[in-house]
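Novice: Required output: the full structure, derived from the provided sequences and hints.
Number of protein chains: 2
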Amino acid sequence: MGEEVRNKQIILKNYVKGFPKESDMILETSTIKLKVPEDCNDAVLAKNLYLSCDPYMRARMTKTEGSYVDSFTPGSAIAGYGVARILDSSNPNFKKGDLVWGLTRWEEYALIKSTQALFKIQHTDVPLSYYTGLLGIPGHTAYVGFYEVCSPKKGETIFISAASGAVGQLVGQFAKLFGCYVVGSAGSKEKVDLLKNKFGFDEAFNYKEEHDLNSALKRYFPSGIDIYFENVGGKMLDAVLLNMRLRGRIAVCGMISQYNLEEPEGVQNLLCVISKRIRMEGFIVSDYYHLYPKFVEMVLPLIKEGKITYVEDLANGLESAPSALIGLFSGRNVGKQVVVVDPE
Amino acid sequence: MGEEVRNKQIILKNYVKGFPKESDMILETSTIKLKVPEDCNDAVLAKNLYLSCDPYMRARMTKTEGSYVDSFTPGSAIAGYGVARILDSSNPNFKKGDLVWGLTRWEEYALIKSTQALFKIQHTDVPLSYYTGLLGIPGHTAYVGFYEVCSPKKGETIFISAASGAVGQLVGQFAKLFGCYVVGSAGSKEKVDLLKNKFGFDEAFNYKEEHDLNSALKRYFPSGIDIYFENVGGKMLDAVLLNMRLRGRIAVCGMISQYNLEEPEGVQNLLCVISKRIRMEGFIVSDYYHLYPKFVEMVLPLIKEGKITYVEDLANGLESAPSALIGLFSGRNVGKQVVVVDPE
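Residue numbers (this note's numbering), protein chains in the order written: chain A, 52 to 395; chain B, 52 to 395.
Hints are computed from structural coordinates only; laboratory data are not their basis. Keep in mind that the hints are not guaranteed to be accurate.
Same chains, same label: a pair holds when it works inside one copy or across any pair of copies.
DSS-like cross-link-like pairs, simulated, lysine-lysine; straight-line CA separation at most 30 Å [stated by the list, open to error]:
(1) Lys114 - Lys204
(2) Lys286 - Lys68
(3) Lys240 - Lys355
(4) Lys72 - Lys86
(5) Lys59 - Lys227
(6) Lys72 - Lys204
(7) Lys345 - Lys72
(8) Lys204 - Lys164
(9) Lys84 - Lys204
(10) Lys98 - Lys259
(11) Lys86 - Lys59
(12) Lys64 - Lys205
(13) Lys269 - Lys114
(14) Lys68 - Lys269
(15) Lys286 - Lys114
(16) Lys358 - Lys164
(17) Lys84 - Lys227
(18) Lys84 - Lys64
(19) Lys269 - Lys259
(20) Lys355 - Lys164
(21) Lys86 - Lys114
(22) Lys171 - Lys147
(23) Lys358 - Lys84
(24) Lys68 - Lys204
(25) Lys205 - Lys68
Specialist: Next up, the structure:
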């Protein structure tokens, strides 16, 4: 019947308005049998090793209708991406001992009944936590965003906001390898240093130290921006629009500056979309899952040759998950925010 | 040496801020010799027959830098599109008696030294004024906007703002012929009647009578909008964003509601661009001039078979041009605004 063990969980207490707080989530301890129940077909019982903190999760903390992601269920463990080891399985695609990444829940052990978003890990000669970042959703997002949505050409200029984050740091490195001139913005000196010295960006600046974002962009792009990889929205987007070049492209990946506002900021410079013939396109990585194998095939050798590097911010213990998630919205994390539940 | 005649001109007095007024322009009378001067190669001397009033001209009334159109020169006759007859030519491409359409100036007779934007009229079995509209820049704009930028599919839903205008009325008719469900907005009952009864739109509404544009759009598009042909910007764009369907397209042709504002309205619902994977693309017809012959080849038979109709608002006499141009910004015109200088 399987051993019954203690199972710590992070529960969403209620839907959130405005800026989320640690107290919107609560740590509870229940028990779980380490076995898939008899009446559960195609399910797995998994031990979570690493959990991913991602900005899109903020949208799930709100009661929304018609959004591209469902709302979380208050009173239940938060759902999110992670890396796990299969302890028991009634699903022929997974067996005991397998390592997987994909959609799990914020608890030590999870019974995962819906396994469509669970993928067996084939390559274990990289840090397993990378499957929450570089080799997971953020990495794949950077890959399809840059290569499929930005339509880059060698020699073009690209600006990346939130550039040291889980996605941004990779977009910048892909763009450098591709032959672009790459500039990123971030919110601290430490992050700016990372961009320039670790990720090889041509230039980087701390947006918090610029009272005029338009001037800052003009300084780094005297002839304008061909591609903007948009992660923040609001005032930054307004300043970028003024600095785009003719037929520029804006790949809209996220707008983290807007997620906690009751009313979003207004963007005023959309007339530039006409005069500069700008193409602005939103995208979501799940539309591109068919390209994941192609992405891994490209990126694995680059990791092994040291041509791509990845910075993670590791929080220890499931207990640290609420604070780690909320830190994303004040930019406290440096690099991809991961929660280490059990590094085995 | 050529006959010397009186030449009435519409002069821009000064650069304009905010809403333009008739008094920003002045009628002056000078004289002109009806002959190209000896030292002028490749020029033509033309008698203007019809002049076009177009919203983009507002941008030229402001001193701008780096815009896609040059500013007008205060103290000189306003430049714009029109239909003219050649009276004299030092350019081998044009001869006396030819009818042309293209860039001329707001005066009775114009010496046109730069003839790259002047095209010989081949088909005279349609009203000549159509070369300021249906067969000119607005018609070509509607054609490339719909077929090249909107990426339409049969059965899709399309919303067109400023739908009875020079461009909108054609976009709607193209979309109907293509097999789309077509809804337009306009600013009066008369215009709404035109949309439904003359242009064959499926539905139309008067935006001035809707206190909640979001609800109005939901009424006509219960399952959402696949394509938005954007002519107005501001609040309408914000409401449309909320009603777009997954992978919708927004062809940004104009934002007439914003042209006279000192500070543009902020657009708040751009987060929808991500969640709905919207592609928003600005375009300018001059990038597509190579498609003009293809456009004429398509549209001429449609006109002759009565499958496309076109409504013009004719203002009589060059004197009426300032008032006609300004009327565009309060929506006084019904259909394409033309100034009849000399119908011959």
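Novice: At most 30 Å between CA atoms: does that hold for lysine 345 and lysine 72 within a copy, between copies, both, or neither?
Specialist: This pair counts as neither: shortest intra-copy Cα distance 39 Å, inter-copy 60 Å.
Novice: One pair to classify: lysine 171 and lysine 147, alpha carbons no more than 30 Å apart. Within, between, both, or neither?
Specialist: within (12 Å within a copy, 78 Å between copies)
Novice: Could you figure out if lysine 114 and lysine 204 sit no more than 30 Å apart (CA to CA) within one copy, between two copies, both or neither?
Specialist: neither (41 Å within a copy, 33 Å between copies)
Novice: Given a CA cutoff of 30 Å, do lysine 358 and lysine 84 count as a within-copy pair, a between-copy pair, both, or neither?
Specialist: neither (44 Å within a copy, 71 Å between copies)
Novice: Between copies, within a copy, both or neither: which fits lysine 358 and lysine 164 at Cα up to 30 Å?
Specialist: neither (38 Å within a copy, 57 Å between copies)
Novice: Given a CA cutoff of 30 Å, do lysine 84 and lysine 204 count as a within-copy pair, a between-copy pair, both, or neither?
Specialist: Result: close neither inside a copy nor across copies, 54 Å intra and 52 Å inter.
Novice: If the cutoff is 30 Å on CA atoms, where do lysine 204 and lysine 164 land: within, between, both or neither? Let me know, please.
Specialist: This pair counts as neither: shortest intra-copy Cα distance 44 Å, inter-copy 38 Å.
Novice: Between the shortest in-copy and the shortest cross-copy C-alpha distance, which are at most 30 Å for lysine 86 and lysine 114: within, between, both, or neither?
Specialist: neither (33 Å within a copy, 73 Å between copies)
Novice: From the Cα coordinates, with 30 Å as the cut-off, is the pair lysine 286 and lysine 114 best called within, between, both, or neither?
Specialist: both (26 Å within a copy, 25 Å between copies)
Novice: For lysine 84 and lysine 227, with the copy left unspecified, which applies at a CA distance of at most 30 Å: within, between, both, or neither?
Specialist: neither (49 Å within a copy, 61 Å between copies)
Novice: Since the copies are identical, ignore which copy is meant and state whether lysine 240 and lysine 355 lie within 30 Å (CA to CA) inside a copy, between copies, both or neither.
Specialist: For lysine 240 and lysine 355, only the intra-copy Cα distance (29 Å) is at most 30 Å; the inter-copy one is 68 Å.
Novice: When Cα atoms must be at most 30 Å apart, do lysine 269 and lysine 114 count as within-copy, between-copy, both, or neither?
Specialist: between (40 Å within a copy, 21 Å between copies)
In the structure shown, a violation is registered for the earlier hints numbered 1, 4, 5, 6, 7, 8, 9, 10, 12, 16, 17, 20, 21, 23, 24 and 25, in ascending order.
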